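Asker: Given next are the chains, with one letter for each unit.
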Amino acid sequence: MKMDLIDPEFPKTLERFGAGSAFECFNCGSCVAVCPLVSGHFPRKMIRYAQLGATEKILRDAKDLWKCLHCGLCSRTCPRGADPGELILSLRRFTLDHWKRWPNV
Amino acid sequence: MKRVTKVVSSDSRVGVYICHCGGNISDHVDVNAVCEKISNLDGVRTAKTNSFMCSDPGQEMIIEDLRSGEIDRVVVASCAPSLHEATFRNALSRAGVNPYLYEHANIREQVSWVHHGEAATLKAERLIAAAVAKARLLKPLDPIRIEAKRHATIIGGGIAGLKAAKDLSSRGIEVVLIEKSPFLGGWTAMLDTLAPTGEKAADLVSSLAREVLEHPLVTIHSCSQVTGFEGSVGSFRLEVQKGPSDSGVPPVKDRGIFIPFRGYLPEEDEQPCKAFVVETGVIVIATGFKPYHPKNGEYGFAEFEEVVTLPRFIRMLAERDAGEGPLSIGGKEIKNIAMIHCVGSRHIPGIHEEDESGKLNEHCSRNCCSATLHAARLVRDRFPGTHVFEFYRDIRTYGRFQEDLYSKASESNVIFLRFEPESPPVVSRNPRADGSSLKVAVNDTLTFGERVEVPADLVVLSVGMQPSDVSDLIEMMKLPVGADGFLQEIHPKLRPVELSVAGIVLAGTCQAPMDTGEASAAGSAAAVKASAILAKGYVELDPFIAEVDLEKCRGNGECVKACLRQGALYLKDFDLHGEKVRKAQVDPVLCTGCGACVAVCPENAVDIRGWTISQYEAMVEAIARES
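So the sequences go chain by chain: L and Z. Each residue of the first sequence is one higher than the one before, counting from 0 in numbering that gives the first Met the number 0. Each residue of the second sequence is one higher than the one before, counting from 0 in numbering that gives the first Met the number 0.
Rather than coming from a laboratory, the hints here were simulated on the basis of the structure. Please read these numbers as outputs of a predicted model, since none were measured by experiment. Backbone N, C-alpha and C fix where the C-beta goes; we use that ideal spot for every residue, glycine too. Some clues are possibly wrong.
To be verified - In silico EDC-like pairs for lysine to aspartate or glutamate, Cα to Cα no more than 20 Å straight-line: (1) 44(L) / 55(L); (2) 241(Z) / 471(Z); (3) 11(L) / 410(Z); (4) 334(Z) / 85(L); (5) 551(Z) / 574(Z); (6) 11(L) / 332(Z); (7) 138(Z) / 616(Z); (8) 179(Z) / 380(Z); (9) 331(Z) / 6(L); (10) 294(Z) / 352(Z); (11) 165(Z) / 141(Z); (12) 334(Z) / 8(L); (13) 66(L) / 85(L); (14) 331(Z) / 304(Z); (15) 334(Z) / 6(L); (16) 11(L) / 26(Z); (17) 62(L) / 546(Z); (18) 138(Z) / 546(Z); (19) 11(L) / 55(L); (20) 36(Z) / 548(Z); (21) 331(Z) / 8(L); (22) 44(L) / 23(L); (23) 11(L) / 433(Z); (24) 44(L) / 449(Z); (25) 407(Z) / 23(L).
Claimed, not checked - Restraint-style ranges between C-beta atoms, simulated for each label pair: (26) 444(Z) / 12(L): 23 to 29 Å; (27) 430(Z) / 29(L): 37 to 43 Å; (28) 295(Z) / 38(L): 23 to 29 Å; (29) 38(L) / 428(Z): 37 to 43 Å.
Chain L on its own, in the form it takes in the complex (with noise of 0.2 Å):
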């Protein structure tokens, strides 16, 4: 399995693409229960990762981005004003943004 190593410095290179407040997360996950997706842990799989650096997994899973129907129903819910919905928009500009710069995506 190939490890790297994440990145602590990652909100602030997802500042370029919104994201304002998802590093409010505490991991409650409220989000992945209103999901309509019923898809594994997804958004909070995302907002982990984020919340972690860790660029590899985004990249890795980033297809899972485009499911997202964009809704706003875990926004709504999220006790922490997270905003995982606008989460999911900043990775997807995220990983526009690696394109073709990353072999998986």
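Go by the hints and put chain Z onto chain L.
Answerer: Below, chain Z without anything else, positioned relative to chain L:
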């Protein structure tokens, strides 16, 4: 309730009371049949049964029979004497009868809980018959009264010891405080700000130490250790050795300065070495803890210089001036800090490796979570460019206002990663030359068990608390030690301050991991308990000690040789009808009533009061008698 009363001619009038203990006893022992049989024994004036002898009506029954003069001594057959012997002795006292005219037969733990049917009934009968046989020969005894010296000695000058010294002296009790190191304040003095309030540890230690030092009733001996111990509650005798000072601080003129990360220097340095004796009424053990020292290679400790313990890190942070720019190590900026929880705590057999002595620290050290979160928050506040990652098993910020520490660390964007004990984080060199020098890899359960690697310029190990090595005191004073290595109180809930050695009480982290506030509260509790012991001015002990029959004693000294407690038995010269004779004497304070002397005396001149040879013989006879 069954009653059998009869009139017999006997000098001693025994009342026997047999307890059903709900059904605990009577489900297996035919108590009515036993009562009937016992009532026919010589010397028994009355035999009765009751559902619960320890209840008020049960005790009233005894008191009535004693007051009416029908009986003059009592046997209760019930649970173990450790539970209710004292209860029934008190009932005798309330009836105005000497409490030592009492004998206890254990027919629950020794009978109904281990035997059933006919055998149970038969054994109960035998044990009660033996108790009756002994009871007939009992003599009134008086407790040994020892004058209690209004003086307390505290061993250990940390927060708990200082607090106990302050509280005891404020009650007018003379206090001697013995501290091994040159400093006061213990491990609290090694801290900077305290969680959760943020107060300066130095301020707390200084103000408390100053109050103690200024009190005229307190004498502090630093650089001193207890080397000898004798006596018992009310009159202990401690030998103390004052060693050379090794404070490493140049001599100061004035006593009373606080040296950061050392402690409060109580007296002028360069004190002469000397040995002296302290005579004292009670002893407070406040010997504290020591932080866990990680093994070589444990999370990279001693392998990488960037791996440090939390106490070391706290000092690093404190000794750094605000204006010095970013946090750094070896001239390199610290951008990422990894903090690992539960190092040296919550060990699991089969998963964690024992130390050289085969021991594991299975306990939770309780303070490290709060201390780690507090330190993480300080880093984020003072050095916003430094990221903090906490690797934990469980966050246990127990206690008032401490859960806030977690919320605040979260708010300041400390990142938490959670591991299972069987797959702890792995610290290794980061092969990438451009980043942090170390990396910490973990299967993070918060990232769905995926492997996550975190770069780290510094790894901080949240080390737990272990008992200090007080094996010399444990050996000397026969102190009980728990399975976790900490000193063990009599009862964790109801007698949390007392040790099984009368007159010695516990304070602070020698008993269990505590934070500064808890150690301080424990110091106060110990002070209250210690002063309660001294309040009456005397202490009463059970009179079950050796007694020498001076008529029979020929002074051959066999008993003195056999005596296990030095000084409890000695030979003394008497003047008998103008003739010098040598006879054995008992020191009632030192004698523990073990009976070693009784076994060796060729003249049968020694006996244990309340447990005499003739009483034993009568018991044996009653047990062995053909029924």
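Asker: Now, for every hint given, state plainly whether the structure supports it.
Answerer: We went through each hint and held it up to the structure:
1. 44(L) / 55(L): holds, 13 Å
2. 241(Z) / 471(Z): holds, 16 Å
3. 11(L) / 410(Z): holds, 17 Å
4. 334(Z) / 85(L): Distance ~28 Å between residue 334(Z) and residue 85(L) Cα, so the pair is violated.
5. 551(Z) / 574(Z): At roughly 16 Å apart (the allowed maximum being 20 Å), residue 574(Z) and residue 551(Z) satisfy the hint.
6. 11(L) / 332(Z): holds, 19 Å
7. 138(Z) / 616(Z): The given pair, whose Cα atoms are some 16 Å apart, holds under the 20 Å limit.
8. 179(Z) / 380(Z): Between residue 179(Z) and residue 380(Z) the Cα gap is close to 37 Å, so the pair fails against 20 Å, i.e. violated.
9. 331(Z) / 6(L): With a Cα-Cα distance of about 19 Å, the restraint between residue 331(Z) and residue 6(L) holds, given a limit of 20 Å.
10. 294(Z) / 352(Z): The hint holds at about 10 Å.
11. 165(Z) / 141(Z): Distance ~36 Å between residue 165(Z) and residue 141(Z) Cα, so the pair is violated.
12. 334(Z) / 8(L): Answer holds: residue 334(Z) to residue 8(L) is near 10 Å, not above 20 Å.
13. 66(L) / 85(L): holds, 14 Å
14. 331(Z) / 304(Z): holds, 13 Å
15. 334(Z) / 6(L): Holds. Residue 334(Z) to residue 6(L) sits at ~11 Å (cutoff 20 Å).
16. 11(L) / 26(Z): Answer violated: residue 11(L) to residue 26(Z) is near 76 Å, above 20 Å.
17. 62(L) / 546(Z): violated, 93 Å
18. 138(Z) / 546(Z): holds, 13 Å
19. 11(L) / 55(L): Judged against 20 Å, a Cα distance of about 16 Å means the pair holds.
20. 36(Z) / 548(Z): Not OK: residue 36(Z) and residue 548(Z) at ~37 Å, beyond 20 Å, violated.
21. 331(Z) / 8(L): holds, 18 Å
22. 44(L) / 23(L): Roughly 14 Å separates the two Cα atoms, so the pair holds.
23. 11(L) / 433(Z): holds, 19 Å
24. 44(L) / 449(Z): At roughly 11 Å apart (the allowed maximum being 20 Å), residue 449(Z) and residue 44(L) satisfy the hint.
25. 407(Z) / 23(L): holds, 12 Å
26. 444(Z) / 12(L): 23 to 29 Å: holds, 26 Å
27. 430(Z) / 29(L): 37 to 43 Å: About 39 Å separates the Cβ atoms of residue 430(Z) and residue 29(L), which means 37 to 43 Å holds.
28. 295(Z) / 38(L): 23 to 29 Å: violated, 47 Å
29. 38(L) / 428(Z): 37 to 43 Å: holds, 38 Å
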